[in-house]
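**Q** What follows is the residue order along each chain.
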Amino acid sequence: MSTKKVTIKAFRFNAETDYLPYYKNYEMEVGEDELILDLLNRVKWEHDGSFSYRRSCRHGICGACGIKVNGKAVLACKQNALALVELFGDELVFEPQSKKRAVKDMIIDKGDFWKKHADVLPFVESHVDAHPTSESKMSPAQLFNVLDADYCIQCGACHYSCPVIEINEDFFGPAAFAAAYRFSVDPRDNSSELRLEMTAKMGQGVWDCVKCFECVEACPKEVNPLEKITKLHNMQFEQKIAQRNVATKHAEGFVRSIKKHGLLDEADIVKYSEGQIGVLKHMGDAIKMMKAGKIHLVDQIPFVDNMPKSKNLDEIKKLIAISQTNKL
Amino acid sequence: MSQLRYALYTGCTARESTPELLSSTLAVASKLGIELVLLDEASCCGASHLQDFDEFLALVLNARNICYAEKLGLTMVTLCNTCQINTAMTKERLDKDHALRARVNMKLAEVGLEYRGTSEIKHFLYALVDDYGVEAIASKVEKPLSHFNIAPFYGCHNIRPSHLQHHSNGGENPYAPNSLDRLIEALEGKSVDYASKNKCCGFHVDLQAPETSNRLTGNALVDAIDNGADMVVTPCPLCHLNMDIKQESAGKMLGRDIDIPILHLPQMVALALGCTPKEVGLKYHVTKAKHLI
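Chains as they are written, first to last, in numbering that gives the first Met the number 0: chain F, 0 to 327; chain A, 0 to 292.
There may be inaccurate statements among the hints.
Here are the simulated lysine-lysine pairs, DSSO-like style, with alpha carbons at most 27 Å apart [stated by the list, open to error]: (1) F:317 with A:70; (2) A:282 with F:270; (3) A:198 with F:200; (4) F:98 with A:198; (5) A:282 with F:308; (6) F:259 with F:316; (7) A:289 with F:290; (8) A:198 with F:77; (9) F:3 with F:99; (10) F:287 with A:30; (11) A:251 with F:316; (12) F:308 with A:70; (13) F:290 with A:189; (14) A:251 with F:270; (15) F:220 with A:95; (16) A:70 with F:259; (17) A:289 with F:287; (18) A:70 with F:310; (19) A:287 with F:287; (20) F:280 with A:282; (21) F:220 with F:239; (22) F:290 with F:280; (23) A:30 with F:290; (24) F:71 with A:287; (25) A:95 with A:142; (26) F:200 with F:71; (27) F:287 with A:282; (28) A:198 with F:99; (29) F:98 with A:251; (30) A:30 with A:198; (31) A:277 with F:280; (32) F:71 with A:198; (33) F:258 with A:251; (34) A:198 with F:287; (35) F:280 with A:287; (36) F:23 with F:71; (37) A:142 with A:289; (38) A:70 with A:189.
The hints are simulated quantities; they were obtained by calculation from the structure and are not laboratory data.
In isolation and in its complexed conformation, chain F is listed as follows (with noise of 0.2 Å):
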């Protein structure tokens, strides 16, 4: 069998003893069936006994060995090593999923991911009568429509990649949206529309989603958070949950736009979302890209339309007069 050699540089640190982490590196030759967590294993066994990580299962279900590899969040038991030398070169680096949240080398604190996790209240709520007579069937219909949201094992990939998790402590996160998402759209719960208020709200809601699919990418079960993300957001106007702000007028405020010109007005979304008032907060920028010629003047006084058009215009207007579902 062959074999290729292999530097380990991995993220070295102890809460309770180090000022700062560092790394250290281990060369080893790596077979081609080894997972990542047959080199944590080969580290601490042939190597360091004090390295530390999470690992249970060892069938990809458990979610304990998640940590990142050239910033690639893996699953450690799931994820074969030479697959990662082939796509990162033949030096792996090892980090914990957050390094600011790191315990002991691999080893991190995941309390805001699972105190999040259960504000969503990820279960079904549901008033179930004690001696029921019949079972509550769910069709296959109702069970596509969970989009393989419980295939979610709760690892926290999607969580340590998101970048809005990095800077906003309010944030809910890709993991406890789908789990939101999963349970709310559930024939038998009775929750849904406390969920959808929660992951509405401002600052810790889907508004706050940066849209860049690393929760996407990160995932090892294929769960897609980013599409629950998205269902959120629908079902918020579907149930008529979604409050008038600026998030919501913004996402509103692309049919006005494209109703009009096919285009989008990009003035005019900004001040239609903000309102008279709140747009002022945007004339700093405003006048910058006036004085680059990004916006031109005749667009800031009403009644004057200098916006391109999309050609057959017509058809687009008919489009989202048959087609529009939702409205705020």
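Since the structure of chain F is already known, use the hints to place chain A on it.
**A** Quick look at chain A alone, frame taken from chain F:
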């Protein structure tokens, strides 16, 4: 090489706040002999915000845009990462889900159109790098960018999610993309290696969460500057807008002076192919590219 022909979906930004993106794209195409047929019928892609409001409507409008590329029998080329992902995601969903395609086509039939799934969707960056070829571009360089350290900023919607993007981005590694780096080197510039090159600029929460947006943009720009960049180049006009306009507010938030020009991908290529700063529209930048003018 037979002549490359594409249907060009400009998106809104290239027709409004970044006219320099469209003019420099056309300049590059004319220098390299690539034929671009403008899709003047196309509407806005929804920028992922219309998708948040009304997913189905967004699918219908994007399918209509693709129909016009199909009518021409051409691959659709995009200039904006967000147009790219919204169009490509529409295509992926309609190609996979035939019931959904039928629902969308029922609407399109009302205006005499039908989505068939015959056109590919590709960003201009990959038309240059993969179809035209980095070496072929290198052979056309008239004004090498030899003195410049250029930081590539890829933008999310061209590299993630890889299962979707790999159809059109040459298998770019989302954790270590290199197409822009290779292009910079082909133009004889020095590509700057820095950790933020595949990160998010925060554009999509500009209105509702300006702090998040400023911090993400600021972090990336400071990272580029600290690694010696003279300028940043990006294939996405939304990244461009955020990074070009928000330097003062992002700098204030991070406690750093940020002053670094942000070039559109085709501006950089056009300059190396011999176009003048005027031709590529550098005057439209808020943060002036002083060392290029």
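**Q** Decide, hint by hint, whether the structure agrees.
**A** Results for each hint:
no. : hint             : in the structure
1   : F:317 with A:70  : holds, 20 Å
2   : A:282 with F:270 : holds, 25 Å
3   : A:198 with F:200 : holds, 25 Å
4   : F:98 with A:198  : holds, 17 Å
5   : A:282 with F:308 : holds, 25 Å
6   : F:259 with F:316 : holds, 8 Å
7   : A:289 with F:290 : holds, 16 Å
8   : A:198 with F:77  : holds, 25 Å
9   : F:3 with F:99    : violated, 32 Å
10  : F:287 with A:30  : violated, 32 Å
11  : A:251 with F:316 : violated, 43 Å
12  : F:308 with A:70  : holds, 20 Å
13  : F:290 with A:189 : violated, 31 Å
14  : A:251 with F:270 : holds, 25 Å
15  : F:220 with A:95  : holds, 20 Å
16  : A:70 with F:259  : holds, 25 Å
17  : A:289 with F:287 : holds, 16 Å
18  : A:70 with F:310  : holds, 15 Å
19  : A:287 with F:287 : holds, 11 Å
20  : F:280 with A:282 : holds, 25 Å
21  : F:220 with F:239 : violated, 32 Å
22  : F:290 with F:280 : holds, 17 Å
23  : A:30 with F:290  : violated, 30 Å
24  : F:71 with A:287  : violated, 35 Å
25  : A:95 with A:142  : violated, 46 Å
26  : F:200 with F:71  : violated, 30 Å
27  : F:287 with A:282 : holds, 12 Å
28  : A:198 with F:99  : holds, 18 Å
29  : F:98 with A:251  : holds, 26 Å
30  : A:30 with A:198  : violated, 31 Å
31  : A:277 with F:280 : violated, 32 Å
32  : F:71 with A:198  : holds, 13 Å
33  : F:258 with A:251 : violated, 38 Å
34  : A:198 with F:287 : holds, 26 Å
35  : F:280 with A:287 : holds, 23 Å
36  : F:23 with F:71   : holds, 19 Å
37  : A:142 with A:289 : holds, 17 Å
38  : A:70 with A:189  : violated, 41 Å
In terms of the numbered hints stated before, the structure departs from hints 9, 10, 11, 13, 21, 23, 24, 25, 26, 30, 31, 33, 38, listed from lowest to highest.
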